[in-house]
Every structure is written in C-alpha cells, then in structure tokens.
Amino acid sequence: MSEISDQTGRTIPTGPTSSTTKSATQLNDELLSSLRTPTWKWYGLALFLGAVVAWGLAAFSYQMYTDMSVTGLDRPVMWGVYIVNFVFWIGLSHSGTMVSAILRLCQANWRRPILRAAETMTVFTVAVGGLFPLIHLGRNWVFFYLIPYPNQRGLWPNFRSALLWDATAIFTYIIGSSLFLYLGMLPDLAVARDRASGWRLKLYTVLAMGWRGTAREWVVFQKASTLMAALIIPVAVSVHSIVAWDFAVTVIPGWHSTIFPPYFVIGAIHSGVAAVITLMIIIRKAFHLEEYLTPLHFDNMGKLQLVIALLWSYAYFVEVQTTWYAHEPIEWEVYGFMAHKYTFILLLMLVGNAILPIICLCFKRLRRSIPVMLVITLLINVGMFIERFLIIVPSLSHKNMPFVWGTYRPTWVEISVTAGAFAGFALMYTLFAKTFPMVATTDVREYETQKRLVPVGRTRLPSLAGKE
Amino acid sequence: MEKMTSPYRWGMVVDLDRCTGCGACVVACQAENNVGICGKREIAEGRDMHWLRIERFWVGEYPNVRVRFLPVLCQHCHDAPCEPVCPVYASYHNPEGLNGQVYNRCVGTRYCGNNCPYAVRVFNFYSHEWPKPLDNQLSPDITVRPRGVMEKCTFCIQRIRRAREDAEGEGRKIRDGEVQPACAQTCPTEALVFGNLADPRSRAARLSRSPRGFRLLEHLGTHPSITYLKGGGREHV
Amino acid sequence: MELLGIFRDVESAAGAVERLVREGFTEAQITSLTSSPYPDGVLVKTDQRSWFRWFTLACGFAGAGAGFLLAAGTAWLYPVRTGDKPIIAFYPTGIVTYELTMLFFLVGTIVGMFLEMRLPPRGKRLYAPEISEGCIGIGITIHAGGEAVACGEGLKPGECVGGIAVLPADEQKRRAEEIMKEAGALRMVTEATL
Numbered sequence: 000m001s002e003i004s005d006q007t008g009r010t011i012p013t014g015p016t017s018s019t020t021k022s023a024t025q026l027n028d029e030l031l032s033s034l035r036t037p038t039w040k041w042y043g044l045a046l047f048l049g050a051v052v053a054w055g056l057a058a059f060s061y062q063m064y065t066d067m068s069v070t071g072l073d074r075p076v077m078w079g080v081y082i083v084n085f086v087f088w089i090g091l092s093h094s095g096t097m098v099s100a101i102l103r104l105c106q107a108n109w110r111r112p113i114l115r116a117a118e119t120m121t122v123f124t125v126a127v128g129g130l131f132p133l134i135h136l137g138r139n140w141v142f143f144y145l146i147p148y149p150n151q152r153g154l155w156p157n158f159r160s161a162l163l164w165d166a167t168a169i170f171t172y173i174i175g176s177s178l179f180l181y182l183g184m185l186p187d188l189a190v191a192r193d194r195a196s197g198w199r200l201k202l203y204t205v206l207a208m209g210w211r212g213t214a215r216e217w218v219v220f221q222k223a224s225t226l227m228a229a230l231i232i233p234v235a236v237s238v239h240s241i242v243a244w245d246f247a248v249t250v251i252p253g254w255h256s257t258i259f260p261p262y263f264v265i266g267a268i269h270s271g272v273a274a275v276i277t278l279m280i281i282i283r284k285a286f287h288l289e290e291y292l293t294p295l296h297f298d299n300m301g302k303l304q305l306v307i308a309l310l311w312s313y314a315y316f317v318e319v320q321t322t323w324y325a326h327e328p329i330e331w332e333v334y335g336f337m338a339h340k341y342t343f344i345l346l347l348m349l350v351g352n353a354i355l356p357i358i359c360l361c362f363k364r365l366r367r368s369i370p371v372m373l374v375i376t377l378l379i380n381v382g383m384f385i386e387r388f389l390i391i392v393p394s395l396s397h398k399n400m401p402f403v404w405g406t407y408r409p410t411w412v413e414i415s416v417t418a419g420a421f422a423g424f425a426l427m428y429t430l431f432a433k434t435f436p437m438v439a440t441t442d443v444r445e446y447e448t449q450k451r452l453v454p455v456g457r458t459r460l461p462s463l464a465g466k467e
Numbered sequence: 000m001e002k003m004t005s006p007y008r009w010g011m012v013v014d015l016d017r018c019t020g021c022g023a024c025v026v027a028c029q030a031e032n033n034v035g036i037c038g039k040r041e042i043a044e045g046r047d048m049h050w051l052r053i054e055r056f057w058v059g060e061y062p063n064v065r066v067r068f069l070p071v072l073c074q075h076c077h078d079a080p081c082e083p084v085c086p087v088y089a090s091y092h093n094p095e096g097l098n099g100q101v102y103n104r105c106v107g108t109r110y111c112g113n114n115c116p117y118a119v120r121v122f123n124f125y126s127h128e129w130p131k132p133l134d135n136q137l138s139p140d141i142t143v144r145p146r147g148v149m150e151k152c153t154f155c156i157q158r159i160r161r162a163r164e165d166a167e168g169e170g171r172k173i174r175d176g177e178v179q180p181a182c183a184q185t186c187p188t189e190a191l192v193f194g195n196l197a198d199p200r201s202r203a204a205r206l207s208r209s210p211r212g213f214r215l216l217e218h219l220g221t222h223p224s225i226t227y228l229k230g231g232g233r234e235h236v
Numbered sequence: 000m001e002l003l004g005i006f007r008d009v010e011s012a013a014g015a016v017e018r019l020v021r022e023g024f025t026e027a028q029i030t031s032l033t034s035s036p037y038p039d040g041v042l043v044k045t046d047q048r049s050w051f052r053w054f055t056l057a058c059g060f061a062g063a064g065a066g067f068l069l070a071a072g073t074a075w076l077y078p079v080r081t082g083d084k085p086i087i088a089f090y091p092t093g094i095v096t097y098e099l100t101m102l103f104f105l106v107g108t109i110v111g112m113f114l115e116m117r118l119p120p121r122g123k124r125l126y127a128p129e130i131s132e133g134c135i136g137i138g139i140t141i142h143a144g145g146e147a148v149a150c151g152e153g154l155k156p157g158e159c160v161g162g163i164a165v166l167p168a169d170e171q172k173r174r175a176e177e178i179m180k181e182a183g184a185l186r187m188v189t190e191a192t193l
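Chains as they are written, first to last, in numbering that gives the first Met the number 0: chain A, 0 to 467; chain B, 0 to 236; chain C, 0 to 193.
Just chain A, same shape as in the assembly:
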C-alpha cells in the first residue's frame, strides 16, 4: 500500500497498486498533467499566438477604420475569404461534438481519452466561426440590428433570410456544445477541485456545483449525458445544413443546388474528424499521453476518416456530374471558369480531400503511423478550406450577367484576419488546456476500473463490468 500527501499535508491512502493496474492517484496525475504550472515554453507559445491575434485584430480595426475597400471584394464577388472562413470554422466544429456524441451513444470505449479534446474544439471553432459574419459586415458597428430584441428603431430582423437561420442555429449550437462540454467535465471538475488550491480551487468549486459523486448523482448524470448526446447530433446536422442553405436558397448558378445541405454536412464532418485527429496528435505529444492515445485510437479514427472521405468523394462526384450532364450554360460556365482559373488548387483539393486519404487510410500500417496521419489530416483541412473557396468565389465571379463578370483576390487584411482566427483558436485552446482537465479523467478511470483483470481458471482476463 502506497501513501502520498496532498497540498495540505494530509496523508491520502491510495488504492491497491499492482504491476498491472495504476492507482487512481497515478491516473489522476497523468491525466490532469495539463493543469500543472506552465513552463516557459508554454508562455512563449501563448505570447506568439497572442501576437498573431493582435495582428489580426489590428488588420480588422484598420478595415473598420478605413472601409471595405481594403478587402479584395468587388462587384460581383461580394463574399470572399471571410465567408470561406465562416463555413470552414463552422465545418470544423462539427466533428468535435458529433463524433463524441456518436461514440458515446455507441458506447465505444476507445472514445474516452479523446472526448474532451474533441468537444473543446467544437466550442472554440464555433466561437471563431461565429465571428466571421460580423467581421465581414460593411457596417460592423451596427451588428446589433441583426439581433431580435424590442427596440426604439421599430425594426425587427427578417426571419425569411437564411442569415437569421444561421444566427439562430449557431446560437443554439454554441450553447448546446458548451453545455455538452461542461456536462462531460462536471465529475472531472470535482476531481480537479479536490486537488487544487488558490484561485483554481475557487474556480473549480464554483464550476463543480458541489458534485460529490453520490450513487444517485451518477445515475442522473449518465442519463443526462446520453440524452445530451442524442440531442446534440440533430442540432449539428441542422447547423451545417443551414450554412449550406445560405448558398442553396439563392439563384446563383453553382450555389442553387439541392445536394448542398447533405454535402456540406459530410464536408463538415470530413474536416472535423481530420481536425480531431490532428489535435489528438498534438495533445498526445504536448501532454505525454502516449499511453492513453495509442495507435489503436488512430487506427479507429482513421477508419472513420476513410468512410467520411469516401462519402465526401461520392457527394462531390454527384454534384459535378449532374451539372456536367445537364450542361446548363451559365452553371457550366462557372465550372469551366473554376477549372481554368483555379486548376492548381482544385487539383490540390481533390488530392488532399479524396485521393490521398482514400488510398492511404486503407492500410492499417499507415493508419497506425502518427506522422502519416498528421500529414493526411492536415492536407484534408487544407483541401476543405480550398473547397469552400471554390464553392463561394467562382460562382460569384461568373454570375448570370457576363458584362459584370469579375475576379477576386484576397488582400493582406483578409489574410491577416484569417491568420488571427487560426491563432485565436489555438490560443483559446491552449488557455483552456491549462485551466481545465483536457482528458476525460473520470471516463478513463471508469474504464480502467471496468476492465480490471479477474482470475479465470489459471489466467487473469480483463472483465468488462457495466451496463449491457
């Protein structure tokens, strides 16, 4: 029996230790390692990210101070990289919560170490994505005209506009996914509370809501987790369908397409799963979680990514082939323009999104190779960013009236704001990881308890105790 002391000097007896299972304290120590005092490396990273965010904010302020002419937008291309960013970030947010919810409902035990990373990603990507429609407004300072509240202007937003559906859906999604993240974290916050001191103790005490882990609390908690998982999935599907409707409900050739909502949802999951894998690799390295995020996890996530890559390719094929077959002149003009003007990035997208993942992820050895997975998942997200660009810009460039065809090239302001968004996401994520438990500690410990070795005959086999 081993004993350790906590901060108050009290001796805490730990659970039974053996060579095969770790004690709860050891598990807590390892899984909550991200909460340790930051190193200078961490401060360096945070400072760097903060500097990029500041640069992005400066670019945005410059745009607000001068006018929209600092962007590359013109007539007819009135939406550009800001809206590409919006679709991209909302797309990224999809898998976090959705993968976590689906795996929870399927009771896939390998989900446990990656839950929190995925759910956190959702919350922050929605937060970043939700900013872009405001950044791109011509008059950002009157953004509150879009909010439905009784006002002296006698003005109410128009719910017939797809932008209002967006606002409603994103509001629902950000609240829902934050609650989902918080719900999953509740028992972990209690663990963190019991090991913390100072300001952290105060913070966790408030957030843990007096959780003690009584049998009754666990019963209700598990029912609520299942229910939340079941409820958040249809919300996630609706959010990206609505983002797709921003385009599909218009009369613009190349946008007005019935396949857009399901196609966008698939694309969102494609980029989201890839981002979850990328983050798993980073977290594994940063917090030394090699024991908990094993090649098995990457293998399973790789299989999921393969399925989504196939689905995405199918949807893309269907979209292009129907247009090709109909050969409606204006629509075909848009495709021709896209293939001609953006040949390189179009090919990069097809390789990154479809060809490379489909070929590589068929092989177990590649799925289990972490460097390969890192390259594939990063390329998928590059491809998905391009995909959104190629949906938005070429359609607007060559609309119905050939006399006002135009082109678009993003300026340094738009690129700086984009860079600021990426850094902002990374910064929020880094700060979160230092403040909150980044691995679902109690979930992992529950599984460790369940799969304890029990003697059967002459050997010891892992038992899996739990509900059927």
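Hints were generated in silico from the structure; no laboratory data involved. Just so you know, not all the hints are guaranteed correct.
What the hints assert, rightly or not - Listed below are the simulated SDA-like cross-link pairs for lysine to any residue, each with C-alpha atoms no more than 20 Å apart in a straight line:
hint, chain 1, residue 1, chain 2, residue 2
1, B, K39, A, T70
2, C, K123, A, V205
3, A, K222, C, F54
4, A, K222, C, A57
5, C, K172, C, A143
6, C, K84, A, A247
7, C, K44, A, R215
8, C, K84, B, G99
9, C, K123, A, L200
10, A, K222, C, E115
11, A, K302, A, N108
12, C, K123, A, R215
13, A, K340, B, E44
14, A, K450, C, P38
15, A, K201, C, L193
16, A, K284, A, T434
17, C, K84, B, N93
A quick note: this is a predicted structure, and the numbers were derived from the prediction, not measured.
The hints should help you fit chains B and C onto chain A, whose structure is shown.
Leaving out everything else, chains B and C in the frame of chain A:
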C-alpha cells in the same frame, strides 16, 4: 395587418431598338441620386457605383461588326431574390411594386448584391466624397449614403413621392407621364418609358404589351417590372 | 444526521454496506460517494428512475412555442413584404422553430439534471477529498428515531425505515460508525465541508 394595395405599379419599358448607347441616362442618374463619384481606380477594381449601366456587346466577325447596347438598371422584380435574403429588412417590397432599399437599416451583409442575378446592386466599398464645389450639386431629397451600405436604382422614388403628394393635394391620381425618373427624362431617343403598369392605358403599359417585349433572365422567375423591346425586323442594326 | 465513512477500496466499502443493511438500515439510507461511476449493486442499490427527462420534454414544448412566436409571431407584428413570400413563411418558421426547440431541449436537460441532483446544494455537506483519489465514501442518513415502517408494496424507497429506526438517533449513529470501522473504514467524516 394593414392591407398592402396601391393604385400604382411602377414599371419601365426599354426600347433597345431606340437606344443609341449615348450614356446620357447614366450621367443623369448619377447627378440626380447623389451617386458616389468614381474614378479610374474604382472602376478598374469593379467598385463603380453606377445604378444604371449601358452594357455594350460586339456582334459578328470583323469587318461586319455591330455594336449592341443594353441599359441595365434595377429590374424592380416582383419576386425579387434580393429581398428575402436581407436579414434586416433593408431590402423590401413596397405596395407600389418598387423594390425599396433602406440605407439606414443596411448593415452591409452584401447578401442581396450576391443574390441579384442582374448584378445591379452596388456597394459603398469606399467612403465617397464630393470635393468642393461638387457638393453643391447634392440633391437635398436623398440621403448621401455612408460607406458599407448597399444601394441601387430606386426609380427616382423622390420624384414619385413628390408627384404623389402634389396629386393627393389636388385630390386626383398621378397622371401618366407626370412623373419620370432622371434617366427616362434625359433619354434623347425616348428609349426609356416610365409609367404606371396598373393603368392599362398608360404609355408604359401599352408598350409593355408589345410583341417585341421580353424580360431579362425571365427563366429565373423574378418577374421584373422592366420590359425590354427588341426586334421589329431590325435585328441586325 | 449524516455519517460518512471513507474506504480504501470497493471490497471493504461493499462489505460495510452489506453489514449496515444486515443491521437494519435500508438501502435508501445508504449512498456511495465515488469519483468514477460503478454499476448499480456493486456498492449500493439506488433508485434508477428519474424524472428530469419530463422536464426536458416540457422545455422542448416551450421552445417550440417560443420559436414559432419568434419567427411567425414577430413577422405578423411587423408585416413587411419581401420577395413575394408570405408574411408568415412556412420554411423559415419551421427552421427557427426547430432550432429553438432544440435549444430549449438542451438547456432543459442540463437544468433538469441539476434540479434532480439538487445541485448546487444549499448548505455544506459531508465530503472528503480522498474520494477523488479513488477512495470510496459510504454515506448514511440516520433516521430521527421512532416507528419502523417495513418496506412493502406501494411505498416509495425513501418512506420505509428499517427496524433500527426504533432506536434513538445517537445509538443508530454509534452502531453505524462501529460497523464501518470494523469493515475497514480509514476514517469517519462527521463535519460538513463541501
């Protein structure tokens, strides 16, 4: 809910067989409506503010080349794609069939500009200035639009308002030809005819029933208020 | 009056529960405090039913109403025509109604869950931080003392109290403490700290 009806349904007829492409309408529109002054740079960037443009097309092979002109302004569609996409009701439909644009409400999502198949909506990318003494030419009847808002042809709504007030003062309806937008008033060949389409005897209504008539991008089902006339045995001129 | 015993492992904690029940305490009086969930029956047997999902459902209905009023009701209050669409347009109303229904469902689930858990608590309660390090807490609510009510049909689990309830509360507490110590409790917590 008040009933939204009106004895007027404003519309226009553009006789392409009469248009010479002189561009007087473009200038008149700019002068009447406080449209921002754009230079070479703005136009090269595709950020010109013209509410009305003359599209010019070359037809045929050299040396048998003909030039064709197509004046394009807001079509004041009855099923306007720009209207329902506006989240703040800046773009809306008024009972007289006009496609209204409320500058003060506009937040600049530019969704309407994207969804307009005729690409007649212009966005204030720049804060336009009227250097002295050009500011003396600004019309007091119309807002000077700030940067970041969308604007477009209104069929010179300030003129329609004034004519209606005059007519209401005298207890009658607006007479045919009493109100004209700046472009129609200026057109030397009378290629542009404006009038009340709800009155079947108005000149515009009679012309719009011409067998030469067609509407721009009719297949999109936007039901424009502008009828173009072309043909009449003079296709090759 | 409450009592909390801290145990090193599941086996000793389960043993303590077993003895407490044998002594005459009922399952409803005993609860376990753990930092990771255990299947029902490993430590204590607790009521598996819950009502908060009815609360969620009610919130969902409220959300549907709110969504409908937000999209259709306000459009009717501010009748502005756009794009020849009806004032109360079918699809937008449906979409906004759906989103607000889901929002109220989600918020209702969390609120309902906390209501049913009775968290955050009004006052301080018995707790020990060792529980987070894998120790098991066995809590027991001592009956004020009086008539024993045998568990039977038609009685909720909280309403029946075992034979031990006839003893005075202090005596009950002493016995419970003794049992837990015998079963291997590391220490007893009597002071509410959380």
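Next on the checklist: Against the 20 Å threshold, does the CA-CA distance of K450(A) and P38(C) hold or violate the hint?
Outcome noted: Holds, at about 13 Å.
Item to check | Pair hint K84(C) and N93(B), alpha-carbon separation not exceeding 20 Å | outcome: OK: K84(C) and N93(B) at ~13 Å, within 20 Å.
Checklist entry - Does the alpha-carbon distance linking K84(C) and A247(A) stay inside the 20 Å limit? => result Measuring from Cα to Cα gives roughly 17 Å; hence the hint holds.
Checklist entry - Would the pair K201(A) and L193(C) pass a check requiring their Cα atoms to be no farther apart than 20 Å? => result holds (12 Å)
Checklist entry - Does the structure keep K39(B) and T70(A) at a Cα separation of 20 Å or less? => result Given pair K39(B), T70(A) holds - Cα atoms ~18 Å apart, limit 20 Å.
Checklist entry - Are K222(A) and A57(C) close enough, with their CA atoms no more than 20 Å apart? => result holds (17 Å)
Item to check | Agreement of K172(C) and A143(C) with the hint, judged by alpha carbon distance not exceeding 20 Å | outcome: holds (10 Å)
Next on the checklist: So if I understand the rule, the pair passes when the alpha-carbon distance is 20 Å or less; does K340(A) with E44(B) pass?
Outcome noted: holds (18 Å)
Item to check | Hinted pair K84(C) and G99(B), Cα distance within 20 Å | outcome: The hint holds at about 15 Å.
Checklist entry - For the pair supplied as a hint, K284(A) and T434(A), is the alpha-carbon distance within the 20 Å limit? => result Holds, because 18 Å separates the two Cα atoms, which is no more than 20 Å.
Item to check | Hint consistency between K302(A) and N108(A) [alpha-carbon to alpha-carbon, up to 20 Å] | outcome: holds (16 Å)
Item to check | Given hint E115(C) paired with K222(A) - CA-CA distance at most 20 Å | outcome: holds (11 Å)
Hint violations for this structure: none, all hints satisfied.
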